[in-house]
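For the protein sequence lines, the chains are A and B, in the order given.
Here this note's numbering runs 10 ahead of the position in the first sequence, where the first position is 1.
Here this note's numbering runs 10 ahead of the position in the second sequence, where the first position is 1.
Honestly, the hints are just simulated from the structure, not real lab data.
Only a predicted model underlies this, so the values are computations on that prediction, with no experimental measurement involved.
Positions of the beta carbon are idealized from the N, C-alpha and C atoms, including for glycine.
Heads up, a few of these hints could be off.
Estimated spans, in silico, between C-beta atoms of each pair [to be verified]: (1) B:ASP179 <-> A:ASN29: 36 to 42 Å; (2) A:HIS234 <-> B:ARG158: 28 to 34 Å; (3) A:GLY229 <-> B:GLN65: 18 to 24 Å.
Chain by chain, the residues run as shown.
Protein chains: 2
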Amino acid sequence: MSDKHLSTEYDSELDGLRNRVLEMGGLAEAQVTQSLYALTHLHAETAAQVLRQEQRVNAMEVEIDHELSTIIARRQPTARDLRLLIAVSKSIGHLERIGDEAARIARIVNRLVGSGISSRLRPTILDTGHSGRMATELLRRALDAVARLDADEGVAVIRDDPELDAEFDGQMRRLVTTMIEDPRTISASIELVFVAKAIERVGDHAKALAEQVIYAARGDDVRHTPLDDMVTRPH
Amino acid sequence: MSDKHLSTEYDSELDGLRNRVLEMGGLAEAQVTQSLYALTHLHAETAAQVLRQEQRVNAMEVEIDHELSTIIARRQPTARDLRLLIAVSKSIGHLERIGDEAARIARIVNRLVGSGISSRLRPTILDTGHSGRMATELLRRALDAVARLDADEGVAVIRDDPELDAEFDGQMRRLVTTMIEDPRTISASIELVFVAKAIERVGDHAKALAEQVIYAARGDDVRHTPLDDMVTRPH
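Okay, chain A solo, but in the shape it has when bound (with noise of 0.2 Å):
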């Protein structure tokens, strides 16, 4: 064999690799889009179907780690390479945490639904559809820029995470106003509470997705550098 032909197909070898973590990105989106669903919607199907497909995306993980594994072994890749392979290996570990979020939102939608809602927390179920809104397109545009291998975009998504923080915080505070005004809504704002928090890690796995862009792309390790550095940082 030449050495082109083995480089040819070492190249289809990545571009598969590649497919296989947007394929489990778009799952992983489409498990979150999903999850909020049931939850504006009070949904019980489309909750049920989200803990279906959570065992999907949690074996993509172990399949892709695996085949991974299998390249760096066989292959010896260049340091560029390797910094992709290593970023694919993080950035699956964070898709299949958001897999695991959208399945605690919809375990929390069974809850609600089988204990009944009172319509004092409709509002409050329509803000986190709002942030939750926040956090898919914060996760959309992560997913492109890993699709581009784009830096700046990653840059611009962890620039953008703090807004759904500051969202997150004005939710708690509105969910301790709620409880207070009516202690009955006390159980199911807890559920509430815990479904805000799913919504701020989903931002925040977006945010990380983003930083292992930036590494695969630039060589730089951005996790815990201020964004100010990562913007002037010559590249």
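We have chain A; now place chain B onto it with these hints.
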């Protein structure tokens, strides 16, 4: 240089990496212990200390990740060593997130000390101290398993994590009861909900560390595997 010389140098690189991971583990464990001390004693100075150390844990993650990419790129590790290196990469991610959870608890302690806390919540704080000790013990055992690359101890940690999850569920029920009985405790109780959640997550990360030990030692990827399959799988 003889092969033997090269191999000895490589071995000492791997030993060095392993020591750094254990050092990082010790630091993360100390962070958790201190954050729980700060909570049960409402001791702001200890909370401040945890927050000062947070960056140290973060920096260690970045440094160790850098070291291990260098080793993979230079040494073309065998399948077994590669497995160990990938397990290290994932494990330090969990240690970093354990440090995050400790910092989360420390920030909550600061807020509780700042706003004052009703004596009505004293039992709940002690409750949290109890589950905190369960989580710290699980983490200590997971780190022992890492140090000795002991897959059997890893399985034992995974087996015991559900106890902590059950403790968390019990705490949630008691917190809801406290809030309903005395709505003036709601704001502070929500903070304690997040403390309980942080402690549960420390347990989840201890379990994830144990999974990585099993992967490194046996080559079995047991994430998302039912416990029975782990125990009976031949190795």
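Each hint, compared with the structure:
1. B:ASP179 <-> A:ASN29: 36 to 42 Å: At 40 Å between Cβs, range holds.
2. A:HIS234 <-> B:ARG158: 28 to 34 Å: Hint holds: Cβ distance 30 Å, inside 28 to 34 Å.
3. A:GLY229 <-> B:GLN65: 18 to 24 Å: Hint holds: Cβ distance 22 Å, inside 18 to 24 Å.
Going down the numbered hints, you'll see the structure goes against none, and every one checks out.
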